[in-house]
Amino acid sequence: MDLSRLRNIISRYCAGEENWVDSRTVYIGHKEPPPGAEAYIPQRYPDNRIVSSKYTSWNFIPKNLFEQFRRIANFYFLVIFLVQLIIDTPTSPVTSGLPLFFVITVTAIKQGYEDWLRHRADCSINECPVDVVQRGKVARTQSQELRVGDIVVVREDETFPCDLILLSSSRQDGTCYVTTTSLDGESSHKTYYAIPDTMAFRTEREVDSLHATIECEQPQPDLYKFVGRIHIYKDKDEPVARPLGAENLLLRGATLKNTQHIYAVAIYTGMETKMALNYQSKSQKRSAVEKSMNAFLIVYLCILISKAVINTVLKYAWQWSPDRDEPWYNHRTENERQRHVVIRAFTDFLAFTVLFNYIIPVSMYVTVEMQKFLGSYFITWDEEMFDEELGEGAQVNTSDLNEELGQVEYVFTDKTGTLTENNMEFIECCVDGNVYIPHAICNGQILSAASSIDMIDSSPGGYRREHEDLFFRALCLCHTVQVKEEETVDGIKRGIHQGRPTSFYISSSPDEVALVEGMKRLGYTYLRLKDNYMEILNKDDEIERFELLHVLNFDSVRRRMSVIVRASSGEYLLFCKGADSAIFPLVVSGKLEQVKARVEQNAVEGLRTLCVAYKKLSEVEYREACRHLTEAKLALQDREQRLAEAYDVIERDFVLLGATAVEDRLQEKAADTIESLHKAGIKVWVLTGDKMETAAATCYASKLFRRSTQILELTKKRTEEQSLHDVLFELNRTVLRQRSISGLSVDCLDFGLIIDGATLSAVLKPKQEVAGHGNYREIFLEICRNCSAVLCCRMAPLQKAQIVKLIKASKEHPITLAVGDGANDVSMILEAHVGIGIMGKEGRQAARNSDYAIPKFKHLKKMLLVHGHYYYIRIAELVQYFFYKNVCFIFPQFLYQFFCGFSQQPLYDTAYLTLYNISFTSLPILLYSLVEQHVTVETLKREPSLYRDIAKNSLLRWPVFLYWTCLGVFDAVIFFFGAYFLFDNTTFTSNGQLMTTNTQMMFGNWTFGTLVFTVLVFTVTLKLALDTRHWTWINHFVIWGSLLFYVIFSLLWGGIIWPFLNYQRMYYVFMQMLSSGPAWLSIILLITVSLLPDVIKKVLCRAMCPTATERAQDHDVLARDVAAAQLAPGQSYKGASTARSSPLQFAGVETLSLRRTDPLPRKLLAHLAEGGRAELRSCMLRLSGAGIAYYAPGPETSV
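In terms of the working numbering, the sequence shown has 675 at position 675, counting the first letter as 1, and numbering is strictly consecutive.
Treat the hints as calculated values from the structure; they're not laboratory data. Here a beta-carbon is modelled for each residue, glycine too, at the ideal position from N, C-alpha and C.
Label-pair ranges, simulated between beta-carbon atoms: (1) GLU547 to VAL655: 18 to 24 Å; (2) VAL1117 to GLU600: 54 to 60 Å; (3) LEU1026 to ARG1120: 17 to 23 Å; (4) ARG118 to GLU145: 19 to 25 Å; (5) PHE346 to ASP222: 56 to 62 Å; (6) VAL969 to LEU1026: 15 to 21 Å; (7) VAL649 to ASP541: 35 to 41 Å.
Model the full assembly from the supplied sequences, consistent with the hints where possible.
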């Protein structure tokens, strides 16, 4: 036994996975197999505890510190702090240690609190009560105590505590209904099946008597895949083997519905459950702003090293003369004299590095983190993004990408459920070319459901034929729809047929519900599935029973599903429905051309189409099909592949019956959203699995394609007529020729490309596979760059991700956004820079795996054009401002070394060095980055083109960065030399102190530094105030409060003798400085001179070449002036010719303020653009002399 287990382990880890069956054996009820059966190998599995937390009480501090110091900036400041501790540096270790400690502490508290919340959530889950069958009785235990092999009792509306295999249920047919809302968001009821050999167990004692083992695959995260088999031991007979699949597996987190109770065995527990495996952390995404920050940080690090090297070299050059080598007031020690010059130079280099290290803004990172975290709440608080129907608003799953919403260049969107409502409505069906329309209108009257079956379009008569009956029966039988009973009635026929809505249909697919409901309106009603018999009510009020033998489930590869049933006559029938491309190749008879024509017509109209076919099976064919299916289902390895092969053998030689058409309406404001994205310069691609005609009709309806759009097709149909090489080069020539003829930019060309999945696979093949025709990818990308919109149809989920990855990796490296609502969209959502999930009807898996979740597609407009715009503007200003204010802060320190013999003397006091970035200048920029609105929300929604102004990281490009850096250097030079010349011409006072002749102020090192620091703090704060356009009371409070705090702190710091200080060099310095009138004048003058160049630059740029954003700002100001000048309704105003301005009143309702110098048409147009209610048709303007007269209907209207 031990040797066997050892052999398995060696086989697994040494021979390779391909030689080892990745499976586990579960003993139900922990019972050993009977003697003579397989060997009993007790296996250890994890308990049922869920652990989503990251830290524990004992590893929080070391693990958190390790993660934080992996960031380059934190590690850099740690090194600086250690250098200050080891060598004699000009500044105290507190100046670096305190800011670093503040950043580390704030981050640790934030992360610790978030992890504590996860711990609390884990405890509430792990301590939930669970009922377990032990020795024939039900025992209550905690969820975390469950073990693999335990038999669990779950009651209605309870959640499954782990992954379970269904043994039996309270329903006679051994089925149970489950909702998986917490897993994938699907609220529909799914049916799961018990094993036939155990479905009859009704009591705990019967279940406990079960003697069986389960052999299944090891845990893996796919929610919809499970492979296993159960061996049931009965007396001394050979064990009975039954297949187990996903239809038998109840997943942790799902909820039992419409079933009193079930018995099931635990198969996967704790962190091995599929839910736990699916919710592991996603790969970290980094925004373009963060990459720019790191690049700027490297530049400033190089500047810091350069400053330290320059000062070190100049220090030794200055001290080369013997008389300067050792000043009388600073004798070197014997150890310093004996130290090697290289060691002394390196020590001085480190000391200068410490002195100038404040140019690297350590607090910027924590400010950015706080801005992202707090700023994300503006999305969740946005009432316009709240959906009343869902009762939910937008959600933020990660706040690291807020600013990336303002940089999107490509939007990849799903169609069904994203652009459309995914609310299917049955429109019509076609049987052998004859069209049936429910509730059709005939002679102005709506026919009843029962009679509407005779409403046939373009057919000679309404008689019933065999194919019609088979078609309607096929749609009533070929599905996975369940009937939910609302109340108990005497008879099913009476309750449903007589118009009493006592039940409704539920399914995981809205299409299936629409088809079954459509059949009900056409006279064929699906009643229920009972004891494996499907019951339908035909038009003649007769109940027909069909035994359900096999279900060949739908999958995205086959794109069809089938059922095998046996009629009451004993005849075997195989009904199949699926996409036209999946059905037509398998058809051997039927009116193919008529049905195909109707399908294509419906697809052009934007309807979703399905084709229906059938075939009769003989007894021999049925047994052969059963054999293929049983062999495939019992396989533990490659079960899906073997099932697919079995399906291909069975699903062939069909007789075509007809087709259906279902409408999926466009979502509200979907067209307006796409149009706005186009105006914003964003290219929109639709990636869908639907057929080309249906998807193209939706694209026209949503304004992705316009009637003037020139459509380029790159489809399988065209590549069959020409080679892929010829088609690609022909399309490329068409695009380039049009560009050369029009002379317009790429953005102005209106091309639309349609490509299907088969052609895309050929395009994306590696270069060596395309037989020397060149790189098709580059040609394809060149075509796409010249198209305003692209439609990719017949796409598999993996192909969606490949498309996104292809665009991401192109030479422009554009920012991509993917939006979808289903599980098939998760791959592209994870691949894109920003992933947005729609809280739709296809489940919440997309929303859970996304960075942001929104209720409807229309909310994407405000998400990008408003929130994204604001986030980017704010954080770009934050980053540039932080580097600017730190250049202003540290460059005077660099200049000061030229005047103090490169002695590493600090210019500022230790308290100022420490609190500059923490207290004096941090809050104003943090608040600015949270509430600033450079233009109004209404303007951003009305003018999507403003989004172009911030595209391609325009505010964090190198020219802008250099401008801010040069501005900081200029201001620093003004601070330093302005104060320096102020202190020129010093004289000694009677008590030996230096006093300036021109200001009569005590002169000293700390007075000089304090004056420079005061000008610095006021200048950088007022610079931010000048950049602020959206003023609120909290802006005033923080900006002026920060300046007031600096003044009060300086007065207290220098006005009190603090007992904990060994020496107090700042005592009375600040008060002495403020007591000098010329010092006040100098401070005001230096602040004005420092701010003046930036103000002049902005004024000139705004006047000579204003951006679209600046023009919108002027428009907002004009609109506010108009609103402020409005008079009460009906009020008249008469102004003399000498008046500076006159209010213009429209129809006695609205007024408009006019100045003599204002151009009248511009003002009127601006007013009308704001929604002015002027009745221009009956208005007259008269200009006489210097006065203006306006006449309009209503009361007195002269001006």
